[in-house]
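One-letter residues, chain by chain:
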Amino acid sequence: MRILVVEDEVKLSNNICDLLKTQKYECEQAFNGEEALDRVYAQHFDLILLDIMMPLMNGIEVIQALREASNAIPVLMLSARNQVQDRVDGLDAGADDYLSKPFSNTELLARVRSLLRRHSEVKSSLIRCKDLVMDEVKKEVKLNGKILELTAKQYKILELFMLNMNVTFTRLQLSEYIWGEENTLRSANAIDAHLKNLRKQIGDEYVQTIRNIGYILKK
Amino acid sequence: MSDLKEYKKNQDRVFGEFLHEMKTPLSIIRTHLEAEIINDTIPLEVRQKLVLDVEEVARINHLVNDMKILLSNENQILQDRFEEKSLLVLVMDVVESLEPLAEIKNQKISLVSKENCKVLMDEHKLKQLFFNLISNAIKYSPLHAKIEVLFFIKKNHIVVEVKDEGIGIAKEEQEKIFEAFYRVSNVKEEGTGLGLAVSNAIASLHNAKIVLKSQLGKGSRFEVKFEKTK
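Protein chains in written order, with our numbering: chain A, 55 to 273; chain B, 0 to 229.
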């Protein structure tokens, strides 16, 4: 999968690329809107991560240009503006999703995966890990063929792990995922309690603890 | 507009820009650290320390976000984009996400409602308000305590009440606890000191009011009163 990162802050762009490369994505960089369009027209990409505030041509103009040219490549907008106006303008222009800075690696990877899955040609709603099968359309999970009764939050946590197998999530990342960035509890106990409840449903062997770091679901 | 108001508005704008400028470097530091945390070639004990560093970065970011809510000039933009949504669904979601935390202390949260009213809201911000109130109730209540979240209509208001059996707040401190960075004297818990100030600002943003009734040692009742739309 090839991803184009369009971001004028060089350090941030490099960090995003390093992160994406850890997940085996191929990554190219552009540092302004015009360069981004040149690259998209010249090469194939599966996804664009696009900053909004940029010199020469801003992110929203880039999306407009792409969509006017009937280019349907998925676009994940990035912006430091934690304001609704940018989100609305970007989505109106044809972006597929939005992430406000600073974002956690967890959130970025989860959105990237989700967008790539949504636009992949082989569309399967089933995700499998050993005897655990998640159906993203029906929003249900089966263990050895038996449907589990998960709460909405348990499903949400498990979905994150199933979409990101072999990725370690810290407690902070998980708490931001569950409660939102603005509601992070400085209590590791709260996350452990959620995970304990999830394990009661799916068993202990799936989500493993990495001491003083977080949790991982291994393939 | 008076000179003083103009000056205040300008100060808020500058401060808002300053907060905005802080977000990119924080983002860079965090992304870099988190990439190292998942790097298996780095020794575990080093990665464990980086986890703590990321938590500190997140703490600064949390403060930045909270300070932004306290700036009045950010509010108009938010209000322009309000959506009408169910208040009950929103509160139920917050309660569900906090239940495991209450279970640790063997506490029970009950949600009692006969009303399913819709209000114009910024969903994220309003969730933050109820998250603050309910997580405080959990934090400051003893083991086995009961926490109640009640919905009702009182005159022209939709009221959501969060009621706990916690340590309570002394009368002379009840107004001050809504001030930024004020610390209640009988509390040891750590926090940014902005929680209730931010909750109050979020309530104002929604033309709502938070009314506190509390007695030391007997618990607290926080009523969030929304104006009922016709």
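Do not rely on the hints blindly, as some may be mistaken.
Covered stretches of chain B (in silico footprint by chain A; criterion: 3 or more residues with CB under 8 Å from a CB of chain A, positions within the stretch not fixed) [unchecked claim]:
#1 165-175
#2 205-216
Here are the simulated lysine to any residue pairs, SDA-like style, with alpha carbons at most 20 Å apart [stated by the list, open to error]:
#3 K124/B / T263/A
#4 K254/A / K104/B
#5 K138/B / A247/A
#6 K65/A / L25/B
#7 K207/A / E35/B
#8 K138/B / T263/A
#9 K78/A / E35/B
#10 K138/B / R167/A
#11 K48/B / Q139/A
#12 K65/A / D52/B
#13 K75/A / R141/A
#14 K124/B / R141/A
#15 K48/B / K207/A
#16 K207/A / D52/B
#17 K78/A / N38/B
#18 K67/B / Q139/A
#19 K254/A / E95/B
#20 K48/B / R265/A
It is worth saying that the hints were derived from the structure and are not from the lab. Ideal placement from N, C-alpha and C gives every residue a C-beta, glycine not left out.
Here is what the structure says about each hint:
With 0 residues carrying a beta carbon less than 8 Å from a beta carbon of chain A, the stretch 165-175 of chain B misses the three-residue requirement, and the given coverage is violated. With 0 residues having a beta carbon nearer than 8 Å to a beta carbon of chain A, the stretch 205-216 of chain B misses the requirement of three or more and the stated coverage is violated. Restraint check for K124/B and T263/A: the C-alpha separation of about 32 Å exceeds 20 Å, so the hint is violated. Distance check on the hinted pair: K254/A and K104/B sit about 19 Å apart at the alpha-carbon level, within 20 Å; holds.
Between the alpha carbons of K138/B and A247/A the distance comes to roughly 15 Å, so the proposed pair stays at or under 20 Å and holds. Between the alpha carbons of K65/A and L25/B the distance comes to roughly 12 Å, so the proposed pair stays at or under 20 Å and holds. For the hint linking K207/A to E35/B, the alpha-carbon distance of about 28 Å lies beyond 20 Å, and the restraint is violated. For the proposed pair K138/B and T263/A, the alpha carbon gap of about 25 Å is over 20 Å, so the pair is violated.
Taken as a hint, the K78/A and E35/B pair is honoured in the structure, with Cα atoms around 16 Å apart against an allowance of 20 Å. Restraint check: the Cα-Cα separation between K138/B and R167/A comes to about 36 Å, which exceeds 20 Å; the hinted pair is violated. A distance of roughly 38 Å separates the Cα atoms of K48/B and Q139/A; the hinted pair therefore is violated under the 20 Å criterion. Proposed proximity of K65/A and D52/B is supported: the alpha carbons are some 19 Å apart, at most 20 Å.
Straight-line distance between C-alpha atoms of K75/A and R141/A comes to about 27 Å, which puts the hinted pair past the 20 Å bound. Distance check on the hinted pair: K124/B and R141/A sit about 16 Å apart at the alpha-carbon level, within 20 Å; holds. For the hint linking K48/B to K207/A, the alpha-carbon distance of about 29 Å lies beyond 20 Å, and the restraint is violated. For a cut-off of 20 Å, the pair hint linking K207/A to D52/B is broken: about 27 Å separates their Cα positions.
With a C-alpha separation of about 13 Å, the suggested pairing of K78/A with N38/B holds against the 20 Å cut-off. Restraint check for K67/B and Q139/A: satisfied, since their Cα atoms lie roughly 16 Å apart, inside the 20 Å limit. Restraint check for K254/A and E95/B: satisfied, since their Cα atoms lie roughly 17 Å apart, inside the 20 Å limit. Distance restraint check for K48/B and R265/A: the Cα-Cα separation of roughly 12 Å lies within the 20 Å cut-off, and the hinted pair is therefore satisfied.
Going through the hint list in order, the structure does not satisfy hints 1, 2, 3, 7, 8, 10, 11, 13, 15, 16.
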